[in-house]
Amino acid sequence: MMALKNSFFSWIQEYLANNEKAVLFYLDLGWPSVLDVKRKYPQRVINCGVTETNTLLVAIGLASQGFKVFIYGISQFTLWRPAEIFNLYGKNLKNIAIIGNGGGFGYGILGSSHHSIKDYGLLQLSGISATIFLPRSQDELLYQLNLFGQQNENTFCYYRLINVNESKVKIHPIDSINQHRSGNKATVLSIGPLIQDHFDPELNVDWFSLGRWPLEENQLKPIERSACKTGKLIIFEEHVWPGSICQFLNHLWRHKNFAIITAHPSHYENLVGNRSYLLEQAGLDIKALKNYV
Amino acid sequence: MEQQSKKNVLPPKREDLFQELVTFHKKRKLPHLGSVASCFDILYDLFFFRLTPQDYFILSKGHATSLLYLLLKYHGVISEAEWDRACRNGSPLAAHPPFAEKMYDNWMPFGSGSLGCGLGLAAGVALGCLLQKKDPPSQVFVLVSDGDLNAGTSWEALHLIAQLKLYSITILYDSNEYQATTHSTEFINHSSLKSYLSTLGYHLWEGDGHIPSDPPWYQIQTINQVTQPKFFIFHTKKNFRLNPTMHPLATHYYDGS
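If you read the protein sequences in the order shown, they are chains A and B. Heads up, the first sequence is in the numbering used here, so the first residue is 1 and it goes up one at a time. Heads up, the second sequence is in the numbering used here, so the first residue is 1 and it goes up one at a time.
To be clear, the hints were calculated from the coordinates, so they are not data collected in a lab. Everything hinted at is true.
Simulated pairs of lysine-lysine, DSSO-like, Cα-Cα distance not exceeding 27 Å:
id: 1; chain 1: B; residue 1: K102; chain 2: A; residue 2: K91
id: 2; chain 1: B; residue 1: K133; chain 2: A; residue 2: K38
id: 3; chain 1: A; residue 1: K21; chain 2: B; residue 2: K102
id: 4; chain 1: B; residue 1: K102; chain 2: A; residue 2: K94
id: 5; chain 1: A; residue 1: K118; chain 2: A; residue 2: K232
id: 6; chain 1: A; residue 1: K91; chain 2: B; residue 2: K73
id: 7; chain 1: A; residue 1: K38; chain 2: B; residue 2: K165
id: 8; chain 1: B; residue 1: K134; chain 2: A; residue 2: K21
id: 9; chain 1: A; residue 1: K168; chain 2: A; residue 2: K185
id: 10; chain 1: A; residue 1: K185; chain 2: A; residue 2: K229
id: 11; chain 1: A; residue 1: K91; chain 2: B; residue 2: K6
Covered by chain A, per the in silico footprint, the following chain B stretches (three or more residues, Cβ under 8 Å):
id: 12; stretch: 89-103
id: 13; stretch: 106-113
id: 14; stretch: 129-142
id: 15; stretch: 152-163
Just some of the chain B residues that point at chain A, by a computed CB distance under 7 Å:
id: 16; residue: C117
id: 17; residue: G120
id: 18; residue: L121
id: 19; residue: A123
id: 20; residue: G124
id: 21; residue: V125
Note that the Cβ used here is the ideal one computed from N, Cα and C, for glycine as well.
Next comes chain A alone, as it looks inside the complex (with noise of 0.2 Å):
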């Protein structure tokens, strides 16, 4: 199992190296990773402690001397207490990047406080302009930070980090759209890092996988012609329904002709379990997939 946030530290301590106008907030979360950067520019590395909402206003106002401002928290505190912050401040927002660690299930066995299933679709809620990353694997997560660390004005950017293991399949970060299998039973799309590991090569259905959100309606052709083709859609997204990727693509084909399923978890999940179990619970694991199809 590969720590994605590992991938981050690195990749943000060279960052920080070439780069004078960036810092890093932390929300008291990272350890040891963080101490290392830390060490190497302290002035630049700040523990702002657990108080999610001032740190994004802090950000706002580093953002607007030219600064870009990482903020590494826990997905769930990250987001939803300082959602007044996105709803009031969306404008404001650019040249911010929020990595988030624990999106969906990812922490897991810690519990529903912990469980980020809400997270995107509050930033869509807001109406704000955000990119919303889903890496699938560390290369895919590297290019993305990159995508934001190379150009000069961004929208604001949500990193959601899910611990992967190895990809058994090939991700083409630059294509954020991946098909991995080909069959004509039905068409599959997972959201994020979702059952790659598990996923049936004997399954006879057009697989593909999304890094990234939002996306050009035409990136979407290829999913659209191939459920056109297949007559069935089935996406499976580790998010609640309301401002999620099934519920958006959901009513952008809605007068198509093909059946739409959607695998999401509901509001409250409060089963205990690790990440696995949850999404075995929610009708998001290969079983139900085999169902589905």
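Position chain B relative to chain A; hints supplied.
This is chain B only, laid out in the frame that chain A set:
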């Protein structure tokens, strides 16, 4: 950020300026005149005698926006026409500072209206100035209210400002002691506020917010020599220059008519 040029202006008479504000509120039936009255002298002194073009001012207590617009008009940051249209249908200048994609001006850099946001924003600006080693240094002034200091975010920011040694920040606390429905001492005890801020490392001053040229303004003149974040408590009255028989609580939604 594009910094608008500021006119060097002779300060108008306080009473004249205040009357202009009362008329502005009356015409629009705009509430919060009491919030404006209490901080009038603080901002009058700040904008006519202390602020420099490279400084920042953040109005955390967004209720006093009409006063900010008026001061910006006198400095040529907003036009007469914008002032006339402000707080009317179709104007981008609402009754709280506007949320704009680009900084409107460094004397009105951010929108506000939800209390408790100004200190955090100020901390970010001051940190940016510090890391850039700006020369001449920019000072960051923030006006906060009693209600502002109810908010948890303000306390998160107060801790961070002290922790990061953001000495360029001066917090101007308009302590008029009345919130929308209650006396503020229900929430803020000044003796513990002062001792707590002092423990955190703030340079404190406390005095009358309606007496011009009182000590804090001298301190602001020599601000660079104070190597502490500054917190000035101004005791003010919500009905100052308004009807003195009017209860301060009644002035909160008072529109001057």
